[in-house]
Each structure stands twice: as structure tokens, then as C-alpha cells.
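Put the two chains together into one complex, using the hints given.
Protein sequences, first through last, are from chains Z and S.
Okay, so the first sequence: first residue is 3 according to this note's numbering, each after it adds one.
Okay, so the second sequence: first residue is 58 according to this note's numbering, each after it adds one.
Simulated from the structure, these hints should not be mistaken for lab results.
Computed from a predicted model, the values in this text were never measured in an experiment.
We put the beta carbon where it would ideally sit given N, CA and C, even for glycine.
Among the hints, erroneous ones may be present.
[Claimed, not checked] In silico SDA-like links for lysine to any residue, alpha-carbon gap of 25 angstroms or less: (1) Z:Lys25 with S:Gly85; (2) S:Lys83 with Z:Gly138; (3) S:Lys99 with Z:Ile100; (4) Z:Lys34 with S:Arg60; (5) S:Lys99 with Z:Arg96; (6) Z:Lys34 with Z:Gln52; (7) Z:Lys34 with S:Ala117; (8) Z:Lys25 with Z:Asn106; (9) S:Lys83 with Z:Asp139; (10) S:Lys83 with S:Pro69.
[What the hints assert, rightly or not] Now the stretches of chain S that chain Z is said to cover, found in silico as 3 or more residues with beta-carbon under 8 angstroms: (11) 72 to 82; (12) 91 to 101; (13) 106 to 120.
Each chain, letter by letter, is given below.
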Amino acid sequence: MFLPSAGGLHASLAPFLQRPCNKELARILSSKLTTVAQLCCLVPATEGEQGLVVVNTHLFFHPGASHIRMLLVSAILREVQAARQEWERQTGLRLAVILAGDLNSEPDTGAIQLLGSGHVSALHPEWVAAAGFAWGDGDAEGPEVL
Amino acid sequence: MDRSAFHQVLVPELARAGLQGTYLNKAGTVKEGEAIFFSASKWRQAAQKDLEMRQCFSPAALAPGACLSSPQMASLRPSASVGVFARSVRARDCVRGDRKQEGGIAACAVGCVTS
Chain Z
3 MFLPSAGGLH ASLAPFLQRP CNKELARILS SKLTTVAQLC CLVPATEGEQ
53 GLVVVNTHLF FHPGASHIRM LLVSAILREV QAARQEWERQ TGLRLAVILA
103 GDLNSEPDTG AIQLLGSGHV SALHPEWVAA AGFAWGDGDA EGPEVL
Chain S
58 MDRSAFHQVL VPELARAGLQ GTYLNKAGTV KEGEAIFFSA SKWRQAAQKD
108 LEMRQCFSPA ALAPGACLSS PQMASLRPSA SVGVFARSVR ARDCVRGDRK
158 QEGGIAACAV GCVTS
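This is chain S alone, in the form it adopts within the complex (with noise of 0.2 angstroms):
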């Protein structure tokens, strides 16, 4: 799944199933990602944390010490959205799903896989 498949299918579709997503690429020029969606009517999202991994071996990151500055904490702002997760599916399993089952996932979380 990449971004334009997140906004172009995933949003829309469950939307209409009350979900909300949030999207975030693979580090680098690759075009994939992965979601996490959760219902709007029931959570909301107070902070997000975005992850590059090889950050986290970084030299820099390593140092004893080390103190990359983290203004991230003061910066997370509270935004419009809510979930409750019930298991983490290929994109098109979760809208296939939520059309089957009509509301009764609260949310999903959408790994992200080639398919």
C-alpha cells in the first residue's frame, strides 16, 4: 500500500465505516507504507510518533548519553481521531471486512504488504 492507495481507497472505504487513518511511508524514495485506523466515534488521537528505524542506530543515537533533541513530545498537538483496534489486515482484507461485518471491527490496523 502506498500513500495514493491509503488516500484514494483506504480513507474513503473506511470512512464509511466511522474509521480514521493515519499513513506513514518507508523511509527512503519507496513507494509503501502502512496505516493505522480506529473509530472516530469512540477515540482520539491525543499524539503520534513516527518512526524512521535506522534512526534509532544511528551513532548519534548510540553515544551514551546521547541527547538528540526530542522537542517532539512538546510539539505533539491533540488531533480529530478515535479507535479501538482489533487486528492488523492486508488493506484489502480490512475494507473487504468491514463491509462483511458492518461496524463490528471497532478499528484495524493495515500492515503494510505487497500484494
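Just chain Z, with the same shape it has in the complex (with noise of 0.2 angstroms):
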């Protein structure tokens, strides 16, 4: 069962997704996309003032949309935070965050920089390489298969 997101976590996303020109790109967000990310509170089952935040997740494959694996990730870390923020106040614990998962992402990729330096230039090559990406786009099995 998925649980409804924070209010509010990500309108900051708002201006840039309502141009025009990126009406495929929120539409696909906000409809296409099957990604899902767990987020799991680990406290420790004796003792100790020190818990976890583990998150897995498995993000868009298509090779031509880095662009929205770095969307993602920004999402991701929001909830994240919201949720640790939240767990924390629950259990009275420092809780550390662990990120799991299957990124499709090389090292130099936007979603690897931003987990790495928590920001991403809007100058990163990848926006413009992947201004036109499309849902179907260049691959024979089409993105619905992941």
C-alpha cells in the first residue's frame, strides 16, 4: 500500500515543471513513471541511541533520461528527510541514512553528483541531452517494460 507524500515537500519542483516546454517531461513524472522508493525505520533492538533510516530503491532505466533519475533522487532525498525528521522526533533517536539501490547511474552522472554534493548545476550537460526525451522513446521494448 503507498502512503500519500508530505504536503508541500515538492513544490519547489512546481515552476520548473509547469513551463511548457517540459509538459512531456511532468507528464511522465506524474503518470508514467512505476519507480518506487522504501523507506525503513531500524531502531536497535536492545539498546543504543543510534538508529537507521535504510532506503532501496530502483530507478528509470532508460538511458536517455538521466535527467529524470536526477529528479528522482532529488525527490527521494526530500521524503528522506521529511521522514527522518519525523522518526526522529518518534523514537528519540539520532537515526543515520543508508541508500540503497540500482540507481542507472555511472559516476558522473547528475543523480550521482547531486547524492554526492547535494547539488546539480543547472548548466549539468544531461538537462540538454535529454531536453526531448519522450515516453517510448528509442527503445524496442518501450519504457513500459520497467
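Laid out in C-alpha cells, this is it:
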């Protein structure tokens, strides 16, 4: 069962996704992707002051959609931070984050850069390279498969 | 890995290594998902949140001040689980790795991978 996201968490993306040139991107993100992420709060079974937020995901596979993986990572990080704060309040523990998964991203991609530094430049080449990406592009199997 | 592989292979195999798992299928009808396992003797699962990422980009989620009701936090209940995470691996490797290392892996996260 899927739970709704906390309100307003992703509102900062609105100006970007509501631009007419990003109409297809917004459609893919909001209605086509099947990507999910698991967030799991683990606390010590016996005693201890440190717990974990373990995150697992499998990002959209398409080689022409690295910009989508960047946006997915950014959304996941916002969700993780919100959940972490809530769970730290509930458990009274410090929670470290472990993010694992199949990110479909090489080390030099924007998605990994975002995870490593918390920032991706608006001039990152993947924005331009993926600008024309449309659902169903360039893959015999089609994005519907994954 | 799909739900049946999780229940029929991963859960019993990894239980022998003391690991407990939770599964989440992808959105839609595709039979593929992902799982998190952890050491049940070291950790207890206090809460869980399953995210369907497209909901994060829905018009409602993007609206300023949008407030999708979030009783999810209130409804989260502790369940019996536990773990330390060591690595993200393919399901097959995870099973193989645990056998090889005889409990050397406190826990693992299994990314959903088509093999």
C-alpha cells in the first residue's frame, strides 16, 4: 500500500515542471513512471542511541533519461529528510541514512553528483542532452517494460 | 525480483541467516519490486514508508502549500524487525553471499534487478 507524500514537500519543483517546454517531462514524472522507493526506520533491538533510515530504490532505466533520475533522486532525498526528522522525533534516536538501490547511474552522472554534493548545476550537460526525451523513445522494449 | 520470488526464495533463504525483509512492488501492474532485509537480532523495524515516486510529481504534490493528508506518520506502528545494512546486491548474489559468509553480513538491501 502506498502512502501519500507529506504536503508541499516538492512544491519547489512546480515552477520548473509547469513550464510549457517541460510538459512531456511533467507528464512522465506524474503519470508514467513506476518507480518506487522504500523507507525503513530501524531502531536497536536492545539498546542504543543510534538508529537507521534505510532506503532502497530502482531508478528509471532509460539511457536517455538521466535528467529523470536526477529529479527522482532529489524527490527521494526530500522524502527521506522529512521522514527522518519525523522518525527522530518519534523515536528520540539519532537516525543515520543508508541509501541503496539500482540507480542506473554512472559515477559522473547528475544523479550521483546530487547524492555526493547535494547540488547539480543548471548547466549540467544532461539537462540539454535529455531535453527532448519523450515516453517510448528509442528503445525496442519501450519504457513500459521497466 | 517479484513478490513471489521474495516470499518463496528470499524470505526463507535469508531467514536462515537471521534476516527479516520487507517487499515493495513497483507501481502499476509490472511484477517487479525491491526489498530491504535486516538482522532481526540487532534491529527492530519501527516504521516504514512506501513511496510511489510519481505521486511526488503530481499536481497536488507540487501545489504551493499542498497538504495531502498525511496520517501516515500517525498510523505507522512498530513491527517486529531489525537490521544493519551492509550492501545492495542482486537477489541471487545476496543469497549466495550470505551462505558464503556465514552471517558475516549483518543485513543487505536488495535492489530490484532483472537478471
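To see whether the hints hold, each was checked on the structure:
no.: 1; hint: Z:Lys25 with S:Gly85; verdict: holds (22 angstroms)
no.: 2; hint: S:Lys83 with Z:Gly138; verdict: holds (18 angstroms)
no.: 3; hint: S:Lys99 with Z:Ile100; verdict: holds (16 angstroms)
no.: 4; hint: Z:Lys34 with S:Arg60; verdict: holds (21 angstroms)
no.: 5; hint: S:Lys99 with Z:Arg96; verdict: holds (16 angstroms)
no.: 6; hint: Z:Lys34 with Z:Gln52; verdict: violated (38 angstroms)
no.: 7; hint: Z:Lys34 with S:Ala117; verdict: holds (16 angstroms)
no.: 8; hint: Z:Lys25 with Z:Asn106; verdict: holds (24 angstroms)
no.: 9; hint: S:Lys83 with Z:Asp139; verdict: holds (21 angstroms)
no.: 10; hint: S:Lys83 with S:Pro69; verdict: holds (22 angstroms)
no.: 11; hint: 72 to 82; verdict: holds (count 3)
no.: 12; hint: 91 to 101; verdict: holds (count 9)
no.: 13; hint: 106 to 120; verdict: holds (count 14)
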